[in-house]
Amino acid sequence: MYGYGEVWSFGGDIAYSNLDTDPGKSDGLEPIRLFGAGRRQLGSGTIFYGLRAQFAVANAKLDVNGASSESNRTYGDILSNIGEGGFELAPWIGWQMPAGPGVFGARVSYEVVNTDTDVKLRGVVGGVNSTVDVTGSIKGGSEGQAAVFYEFNVGDMPLGAALTYDFYSKIEQDFENAGIIASDIGARSLIGVNLYTRLDFGGFGFIPSLVWREKVSSGDDIDKLSDVRLNLAGRFSF
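When the sequence shown is numbered by the working numbering, its final residue is 238 and no position is left out of the sequence of numbers.
A portion of the hints provided could be inaccurate.
What the hints assert, rightly or not - Dumping the calculated EDC-like pairs for lysine to aspartate or glutamate here, alpha-carbon to alpha-carbon at most 16 Å:
hint : residue 1 : residue 2
1    : 139       : 184
2    : 170       : 116
3    : 170       : 200
4    : 215       : 174
5    : 215       : 227
6    : 139       : 116
7    : 215       : 116
8    : 215       : 166
9    : 139       : 118
10   : 170       : 111
11   : 170       : 184
Said to hold, decoys possible - Label pairs and their in silico Cβ distance ranges:
hint : residue 1 : residue 2 : range
12   : 57        : 7         : 27 to 37 Å
13   : 46        : 159       : 14 to 24 Å
14   : 115       : 208       : 23 to 33 Å
15   : 148       : 174       : 18 to 28 Å
16   : 16        : 159       : 20 to 30 Å
17   : 156       : 184       : 42 to 52 Å
18   : 40        : 184       : 35 to 45 Å
19   : 91        : 45        : 29 to 39 Å
20   : 104       : 216       : 15 to 25 Å
21   : 40        : 110       : 15 to 25 Å
22   : 184       : 158       : 34 to 44 Å
23   : 206       : 101       : 17 to 27 Å
Quick caveat, the hints were computed from the structure, so don't treat them as lab data.
Even glycine gets a Cβ: it sits at the ideal position worked out from N, Cα and C.
Given the sequences, and given the hints that come with them, work out the whole structure.
Here it is as structure tokens:
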């Protein structure tokens, strides 16, 4: 984030991901994300609030076989991974206060705008092995998240841990123009833990994090869903 005075801050990011999932792999550029945030003192604590806008840099792609389609992205995060092909707008609000040697806080967010995701199908489409991408769309799948966190410093190194609850609304898949009848993906929720820190080297900082999530409920026939990710981000100061 880039700070503007002591109240407002602005920033953005773009990431490259390589995911190994069952039933396949997925890699490429994540959507571009732009942020704006503000803060205000409230008693002994601080209120944080902001807005996230997300722009896809490429259409989503599905590898298909016969009359079925298998996503190349994790079911729990089907509209937040590589090649989204849409636009999202999500406000968020949080609060934190001093607690012991660190700070304790909470944060909630929800996607109030989530446009249809454009999808390209590759493989056996309508009984024919297609070498030309056929388009379809995915509707819904808005994400909401609630989290509580605790952060403290060990020397000059900050450490943080968050307990998260993610909710995804129902997803409707429309591939009828490709001769494929795809069932909807029901609403689902996941609970998880996020461990993170920041390592500073002069004007550059590494931000590693470890995320683990498990399915709590699901509106379809998925018996088990585990999502484990190791993320590494970098940040410049100038």
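Verification of the supplied hints:
A distance of roughly 10 Å separates the Cα atoms of residue 139 and residue 184; the hinted pair therefore holds under the 16 Å criterion. Of the supplied pair hints, the one linking residue 170 and residue 116 holds, its CA atoms being roughly 13 Å apart against a limit of 16 Å. With a C-alpha separation of about 41 Å, the suggested pair residue 170 and residue 200 falls outside the 16 Å cut-off, and the hint is violated. A threshold of 16 Å between alpha carbons decides the hint, and for residue 215 with residue 174 the separation of about 25 Å lies outside it, so the pair is violated.
For the given pair, residue 215 sits about 9 Å from residue 227 by alpha-carbon distance, which is consistent with the 16 Å threshold. For the hint pairing residue 139 with residue 116, the CA-to-CA distance comes to about 5 Å; that is within 16 Å, so the pair holds. Straight-line distance between C-alpha atoms of residue 215 and residue 116 comes to about 24 Å, which puts the hinted pair past the 16 Å bound. Taking the CA atoms of residue 215 and residue 166, the gap is about 9 Å. The hint holds against a cut of 16 Å.
For the hint pairing residue 139 with residue 118, the CA-to-CA distance comes to about 9 Å; that is within 16 Å, so the pair holds. For the proposed pair residue 170 and residue 111, the alpha carbon gap of about 13 Å is at most 16 Å, so the pair holds. For the hint linking residue 170 to residue 184, the alpha-carbon distance of about 7 Å falls within 16 Å, and the restraint holds. Judged by the Cβ atoms, the range 27 to 37 Å given for residue 57 and residue 7 holds: they are separated by roughly 31 Å.
In this structure the hint that residue 46 and residue 159 lie 14 to 24 Å apart at CB holds, the actual value being about 19 Å. The hinted window of 23 to 33 Å between residue 115 and residue 208 holds, with their beta carbons roughly 32 Å apart. The given range of 18 to 28 Å is broken by residue 148 and residue 174, whose C-beta atoms sit roughly 37 Å from each other. A hinted range of 20 to 30 Å for the beta carbons of residue 16 and residue 159 is consistent with their spacing of about 26 Å.
As the Cβ distance of residue 156 to residue 184 is approximately 50 Å, the hint placing it in 42 to 52 Å holds. The hinted window of 35 to 45 Å between residue 40 and residue 184 holds, with their beta carbons roughly 41 Å apart. Range check, residue 91 to residue 45: about 20 Å between beta-carbon atoms, so the 29 to 39 Å window is missed. The given range of 15 to 25 Å is respected by residue 104 and residue 216, whose C-beta atoms sit roughly 23 Å from each other.
For the pair residue 40 and residue 110, the supplied restraint of 15 to 25 Å holds, since their beta-carbon distance comes to about 21 Å. Checked against the hint of 34 to 44 Å, the C-beta distance between residue 184 and residue 158 comes to roughly 42 Å, which is consistent with it. Checked against the given bound of 17 to 27 Å, the beta carbons of residue 206 and residue 101, roughly 23 Å apart, stay inside it.
In terms of the numbered hints stated before, the structure departs from hints 3, 4, 7, 15, 19, listed from lowest to highest.
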